[in-house]
Amino acid sequence: MTQNAQPGRGRGKPDWLTVQLVACLAIAGLLLPVGLFLESPYSLNILIITVIFAVMGVGWVIGAGLTGLLLIGYISFFGVGAYTSALLFTKFGVSPWLGMPLAGAVGAGVAVLVGVITLRFGLREDYFGLFTVAVSQIFLVLLLNWDFAGRATGIYITVISDDFWTMQFVDRRPYLIIALGLFVAATLVAYAIMRGRFGLLLAAVRNNPAAAEALGIEVSRVRIQALAVSGAIAGVAGAFYAQFTTFIDPKQVFGLALNFDFLLVPVLGGRFSLVGPIIGAFALRPTKDLLRAMFGGVADAVFLVIYGLLLVVFILLLPRGAAGFLEDRYKSLGRKDDDGAAP
Amino acid sequence: MSTEILLQAAALGLMQGGVYAIMAAGLTVIYGVMKVVNFAHGEFITLGLYLTLSSAALGLGPYAAAPFVVAVVFIIAAGFFRLSVLPALDHPQINQMLITIGMSFMIIGVVQIVWGANNRVVPLSWARDAVELGPLRITYARGLAFLTALGVAGLFWWGLNRTRFGIAVRAASQEPASARICGIDVRRVQMMTFGAGASLAALAGALLAPIFPMNPTIGVDLFLLPSFVIVVLGTMGNFAGALIGGLLIGTVEGVGGLLLGSSLRQLISLSIFVIILLVMPRGLFGGRT
Amino acid sequence: MSAPSPPILQVEHLTKRFGGLTAVDDVSFTLTPGEILGIIGPNGSGKTTLFSLISGFLMPDSGVVTLQGTTVPKRRPAALARMGLVRTFQIVQPFAEVTVEENVIIAGLLGGSRPLAEARAIAEEVLHFLELEPMASRLAETLTIADRKKLEVARALACKPRVLLLDEVMAGLRPSEVDEAIERIKAIRARGISIILVEHLMRAVVALSDRLIVLRQGQVIAEGEDPIEVLSRHNVVEAYFGKAPNVARA
Chain U
1 MTQNAQPGRG
11 RGKPDWLTVQ
21 LVACLAIAGL
31 LLPVGLFLES
41 PYSLNILIIT
51 VIFAVMGVGW
61 VIGAGLTGLL
71 LIGYISFFGV
81 GAYTSALLFT
91 KFGVSPWLGM
101 PLAGAVGAGV
111 AVLVGVITLR
121 FGLREDYFGL
131 FTVAVSQIFL
141 VLLLNWDFAG
151 RATGIYITVI
161 SDDFWTMQFV
171 DRRPYLIIAL
181 GLFVAATLVA
191 YAIMRGRFGL
201 LLAAVRNNPA
211 AAEALGIEVS
221 RVRIQALAVS
231 GAIAGVAGAF
241 YAQFTTFIDP
251 KQVFGLALNF
261 DFLLVPVLGG
271 RFSLVGPIIG
281 AFALRPTKDL
291 LRAMFGGVAD
301 AVFLVIYGLL
311 LVVFILLLPR
321 GAAGFLEDRY
331 KSLGRKDDDG
341 AAP
Chain Z
344 MSTEILLQAA
354 ALGLMQGGVY
364 AIMAAGLTVI
374 YGVMKVVNFA
384 HGEFITLGLY
394 LTLSSAALGL
404 GPYAAAPFVV
414 AVVFIIAAGF
424 FRLSVLPALD
434 HPQINQMLIT
444 IGMSFMIIGV
454 VQIVWGANNR
464 VVPLSWARDA
474 VELGPLRITY
484 ARGLAFLTAL
494 GVAGLFWWGL
504 NRTRFGIAVR
514 AASQEPASAR
524 ICGIDVRRVQ
534 MMTFGAGASL
544 AALAGALLAP
554 IFPMNPTIGV
564 DLFLLPSFVI
574 VVLGTMGNFA
584 GALIGGLLIG
594 TVEGVGGLLL
604 GSSLRQLISL
614 SIFVIILLVM
624 PRGLFGGRT
Chain L
633 MSAPSPPILQ
643 VEHLTKRFGG
653 LTAVDDVSFT
663 LTPGEILGII
673 GPNGSGKTTL
683 FSLISGFLMP
693 DSGVVTLQGT
703 TVPKRRPAAL
713 ARMGLVRTFQ
723 IVQPFAEVTV
733 EENVIIAGLL
743 GGSRPLAEAR
753 AIAEEVLHFL
763 ELEPMASRLA
773 ETLTIADRKK
783 LEVARALACK
793 PRVLLLDEVM
803 AGLRPSEVDE
813 AIERIKAIRA
823 RGISIILVEH
833 LMRAVVALSD
843 RLIVLRQGQV
853 IAEGEDPIEV
863 LSRHNVVEAY
873 FGKAPNVARA
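Residue numbers (our numbering), protein chains in the order written: chain U, 1 to 343; chain Z, 344 to 632; chain L, 633 to 882.
Heads up, some of the hints might be wrong.
[Claimed, not checked] Some chain Z residues close to chain U (C-beta under 10 Å, calculated; not the full set):
id, residue
1, 435
2, 493
3, 524
4, 559
5, 613
6, 621
[As the list claims (entries may be wrong)] Simulated restraints, written as ranges between beta carbons of each label pair:
id, chain 1, residue 1, chain 2, residue 2, range
7, L, 766, U, 101, 45 to 51 Å
8, U, 293, Z, 523, 46 to 52 Å
9, L, 665, U, 192, 40 to 46 Å
10, U, 329, L, 711, 39 to 45 Å
11, L, 645, U, 101, 53 to 59 Å
12, U, 101, Z, 471, 57 to 63 Å
13, U, 317, L, 665, 57 to 63 Å
14, L, 696, U, 92, 39 to 45 Å
15, U, 210, Z, 432, 22 to 28 Å
16, Z, 621, L, 866, 37 to 43 Å
17, Z, 414, U, 331, 47 to 53 Å
18, U, 329, L, 757, 33 to 39 Å
19, U, 120, L, 665, 54 to 60 Å
20, L, 834, U, 317, 35 to 41 Å
Keep in mind the hints are simulated off the structure, nothing from the lab.
Note that the coordinates shown come from a computational prediction; the quantities given were computed from them, not determined experimentally.
Every residue gets a Cβ at the ideal spot worked out from N, C-alpha and C, and that includes glycine.
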């Protein structure tokens with residue numbers, strides 16, 4: 001991964017990171033008109049959810065892919081974001097436009113807390129991963145017992161009429177615009193990190209923490225900073241999700257099922273790539289919905305078998321995700337050009 | 344609240360802890376040998392439950408069926424492992440984990456197709472019969488589950504420490520490279536271990552079948568997190584630690600559930616989980632860092 | 633004898649036990665600016681443990697390390713590196729997935745305390761100095777052992793240290809490469825960097841050391857300014873070869 005190769009060395013061939021950025025922006029630019037002309041609200045909903053998954057994937061890439069942390073209980077940041085904004089809106093009338101940044105702050109706060117606690121106590125790898133799972137489950141149990149947040153019933157947001165200020169739209173299309181905006185913003189943040197100084201520090205931390213430490217890099221601090229960005233993105237995504245789906249409950253926004261989906265997106269797409277999350281999200285989400293539509297009978301049984309099988313097969317075939325595969329292809333393309341042997 | 348009720352809760356918890364112990368022992372053995380956190384572990388318990396259900400339909404009682412159930416799950420798990428986890432052992436941990444999650448989806452789906460999504464229970468004519476031990480009342484089903492679990496755990500422990508294969512397993516877990524040089528087929532040991540670990544979970548399922556109403560997602564809903572808690576408590580990879588941790592968590596959950604009510608019951612083991620992770624991440628038997 | 637300049641690094645009564653084994657036992661020494669201090673000793677005599685204690689990777693049971701007059705109370709490696717004390721690892725630790733150049737740029741950032749442009753300039757200079765330019769755009773994991781050792785030194789240099797701890801940077805090199813390495817280390821010293829050198833290769837130790845310390849079972853058993861004289865001392869020979877039978881020494 002030569003993400004920081006100096007410009008100009010490729011002699012006309014843009015580096016892989018630039019290609020990824022262009023691809024992401026192009027996909028976002030393409031989805032906007034496609035989405036706005038979609039007739040069926042069902043397809044539009046799937047599209048919007050897919051984009052949210054991609055946003056979540058970008059957040060995971062920053063907090064886990066780039067840091068090398070085994071961040072399993074990633075959904076905690078999403079869940080606290082969803083609850084923050086939904087509670088502020090339904091109980092205090094705070095606009096979701098304000099709720100989203102606040103949710104991002106809360107998500108980042110929880111992420112920093114998780115980072116400080118675990119790294120302070122020297123939890124690594126599996127232990128770090130299991131700790132994050134425990135945290136998500138603790139949030140789940142706490143919210144199941146919190147009267148103010150509606151316990152197991154959760155929170156409903158009713159949409160009566162279009163209102164920009166309260167982010168309520170009967171016609172779902174404005175949600176797509178917001179979701180794409182979030183995706184572009186998250187992608188630009190990730191690009192800036194990967195391109196810049198912080199990306200190099202993260203590469204050091206991921207590759208060899210001991211050597212990084214010996215060269216003056218505060219490994220824990222770098223990881224916590226990345227977790228904070230990751231938590232902020234997930235928190236904002238959670239806030240938007242609550243507003244968009246108009247209903248959240250603890251079992252959903254802190255549950256293992258959604259959590260695993262959030263992990264699958266970047267892993268199938270490419271753990272430390274920029275374009276991976278959007279590829280992963282489109283490989284996963286619509287496939288899931290399609291399979292469910294085809295096979296999902298009473299209890300989704302056949303769907304589960306096929307979905308599980310596909311996951312296993314693709315993770316085995318593409319251990320570095322789709323973007324890892326594409327990166328190799330892109331680079332070998334260049335090598336042929338250099339040798340003048342390209343057909 | 345009388346001491347008697349408290350004692351009764353503790354005893355029931357301890358009985359449950361026996362089953363927890365073998366389920367967690369299965370998970371910890373798998374982790375010890377190949378450092379894979381198996382997220383499909385709960386589903387092997389589910390398989391144990393449902394295979395026992397089918398055996399009962401064929402007229403085989405739950406205890407007579409247990410060896411058959413264990414053998415079937417061993418084959419299924421070892422086969423799964425060979426095809427999916429083994430090729431990914433040198434891939435990143437997150438990949439291995441998600442593969443076991445895919446495995447878990449598949450098992451849940453199959454269980455749902457074969458047995459349906461409704462709650463089922465294994466009929467047992469003497470399910471409610473109980474033995475009185477002073478103030479305590481313990482059903483035969485729970486008592487038997489407890490004793491069988493302890494017996495099998497003891498047998499396993501003996502096997503790990505006294506048999507050639509057990510020594511190979513320990514060698515493969517501590518020094519895989521050296522074990523390979525010494526002529527141990529590490530891949531085969533890993534496969535057998537995964538099968539055996541899953542079988543222990545299946546046995547836990549078989550023993551619970553007459554006690555718990557089952558549904559396809561019971562494994563992930565009820566047993567996955569307690570397994571993690573116990574395995575971390577007893578030091579990841581430590582067989583005896585998992586057994587002791589299982590008995591402890593079972594008892595604590597029994598008493599805690601009584602004192603705090605069922606909705607906060609989960610919080611007890613989660614809190615233990617977090618405290619253990621923070622204060623002694625290597626568990627009770629891992630020594631200080 | 634000229635007035636001794638104040639030491640850049642001072643190690644006082646450093647002790648580290650692992651269970652019943654005392655790996656480093658009451659070790660004290662000083663390093664003066666611009667000096668190359670050689671540390672030798674048989675395998676298991678505590679050289680690498682001593683390095684880990686000085687560079688903050690291990691906490692000593694007792695003893696103090698002072699860098700340019702300031703004691704670092706909570707000794708973390710990253711903080712020490714920023715203060716100008718940088719180590720290399722005996723088993724090389726490259727950032728395998730990034731290029732050689734990026735490895736050195738990362739080191740040049742000194743934990744993020746220097747801007748990227750400055751780190752790039754430093755890296756360019758260091759790569760040139762160590763003649764690693766031809767490998768600059770290769771992935772670190774594709775290098776030969778000799779080049780990996782060089783990369784290890786290159787990264788340490790990019791931190792611009794005042795004290796450099798070199799842990800067996802010549803192990804595994806061919807004789808011609810060793811000669812080259814000796815010249816390079818002299819050139820590094822000429823830049824005003826003080827060096828502590830742990831090395832098994834006596835030829836290099838003798839050629840480079842201004843002063844030599846011999847460790848055995850965690851203790852300093854000999855110290856002196858003339859490496860050859862120190863090496864021929866009775867107890868040093870014994871440490872390496874065991875007690876000689878009753879044969880008269882020449």
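Hint check results:
1. 435: 7 Å, holds
2. 493: 27 Å, violated
3. 524: 26 Å, violated
4. 559: This interface hint holds because 8 Å falls under the 10 Å limit.
5. 613: 5 Å, holds
6. 621: 5 Å, holds
7. L:766 <-> U:101: 45 to 51 Å: 49 Å, holds
8. U:293 <-> Z:523: 46 to 52 Å: Hint holds: Cβ distance 48 Å, inside 46 to 52 Å.
9. L:665 <-> U:192: 40 to 46 Å: Holds: the Cβ-Cβ distance is about 41 Å, inside 40 to 46 Å.
10. U:329 <-> L:711: 39 to 45 Å: Given range 39 to 45 Å: holds, Cβ gap about 43 Å.
11. L:645 <-> U:101: 53 to 59 Å: For residue 645 of chain L and residue 101 of chain U the Cβ distance comes to about 55 Å; the hint holds.
12. U:101 <-> Z:471: 57 to 63 Å: About 58 Å separates the Cβ atoms of residue 101 of chain U and residue 471 of chain Z, which means 57 to 63 Å holds.
13. U:317 <-> L:665: 57 to 63 Å: 58 Å, holds
14. L:696 <-> U:92: 39 to 45 Å: 56 Å, violated
15. U:210 <-> Z:432: 22 to 28 Å: 24 Å, holds
16. Z:621 <-> L:866: 37 to 43 Å: 54 Å, violated
17. Z:414 <-> U:331: 47 to 53 Å: 49 Å, holds
18. U:329 <-> L:757: 33 to 39 Å: 36 Å, holds
19. U:120 <-> L:665: 54 to 60 Å: 37 Å, violated
20. L:834 <-> U:317: 35 to 41 Å: Because 53 Å falls outside the window, the suggested range is violated.
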